[in-house]
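Taken in order, the sequence shown gives residues 2 to 152; the numbers are from this note's numbering.
Since the hints were derived computationally from the structure, they do not count as laboratory data.
Some hints could be false.
Think about it this way: if two alpha-carbon atoms lie no more than 25 Å apart in a straight line, the pair counts; the simulated DSS-like pairs of lysine-lysine are [stated by the list, open to error]: (1) 121 with 109; (2) 19 with 109; (3) 10 with 59; (4) 137 with 124; (5) 124 with 142; (6) 19 with 59; (7) 19 with 146; (8) 124 with 146; (9) 25 with 37; (10) 62 with 25; (11) 37 with 10; (12) 109 with 25; (13) 10 with 40; (14) 121 with 146; (15) 49 with 37; (16) 19 with 62; (17) 49 with 25; (18) 121 with 40; (19) 121 with 142; (20) 62 with 109; (21) 124 with 109; (22) 40 with 25; (23) 62 with 10; (24) 146 with 109; (25) 37 with 62; (26) 19 with 37.
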Amino acid sequence: MIDNNFNFKEIHCGSLIKQGVLEKNIELGSICAFFKCEKEEVYSMYEKETLNTEIILKWSKLLEYNFFRIYSEHLILYSPQTRVNTKSQGKGTAKKKNWAYRKNIYTKGMIDFILEILDKGEKNNLQITQEYGIPKSTLNKWRDKYPNGKK
């Protein structure tokens with residue numbers, strides 16, 4: 002449902018759903034029965050950029066695809082890094098702790114997205130590191146592991 006050219010920054014839920022329906026060859030009558038709605042309502046959903054979470058959940062079940070993963074990937078790429086206040090052991094003072102990088106939070110689709118931006122020259126390593134918070138060492142590992150954005 003998502004290809005290498007997918008834009009994680011601007012998500013149009015309706016068009017993704019329409020694409021999924023076309024890929025799975027689901028008939029409009031089946032969709033209407035599942036949602037208990039008229040065909041005009043289904044067409045209306047295809048046009049909407051955002052949908053209610055309950056509707057997205059139903060589409061996820063019908064199309065057997067987790068649309069919420071797309072939003073999670075968006076958050077990983079575009080949310081500002083935060084600092085967490087923690088109390089240091091034995092002391093009553095709050096201590097700031099940097100956002101902890103977690104291994105394996107990047108999906109193959111996200112990696113392809115970042116590598117494509119680099120390959121097209123839209124951004125350089127420094128810009129990627131600053132904008133998305135991805136460590137340089139991680140970018141280098143991705144380039145070594147996926148030299149042509151494939152594998």
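> Can you name, in rising order, the numbers of the hints this structure does not satisfy?
Replying inline: When the structure is compared with the hints, numbers 7, 11, 13 and 18 turn out to be violated.
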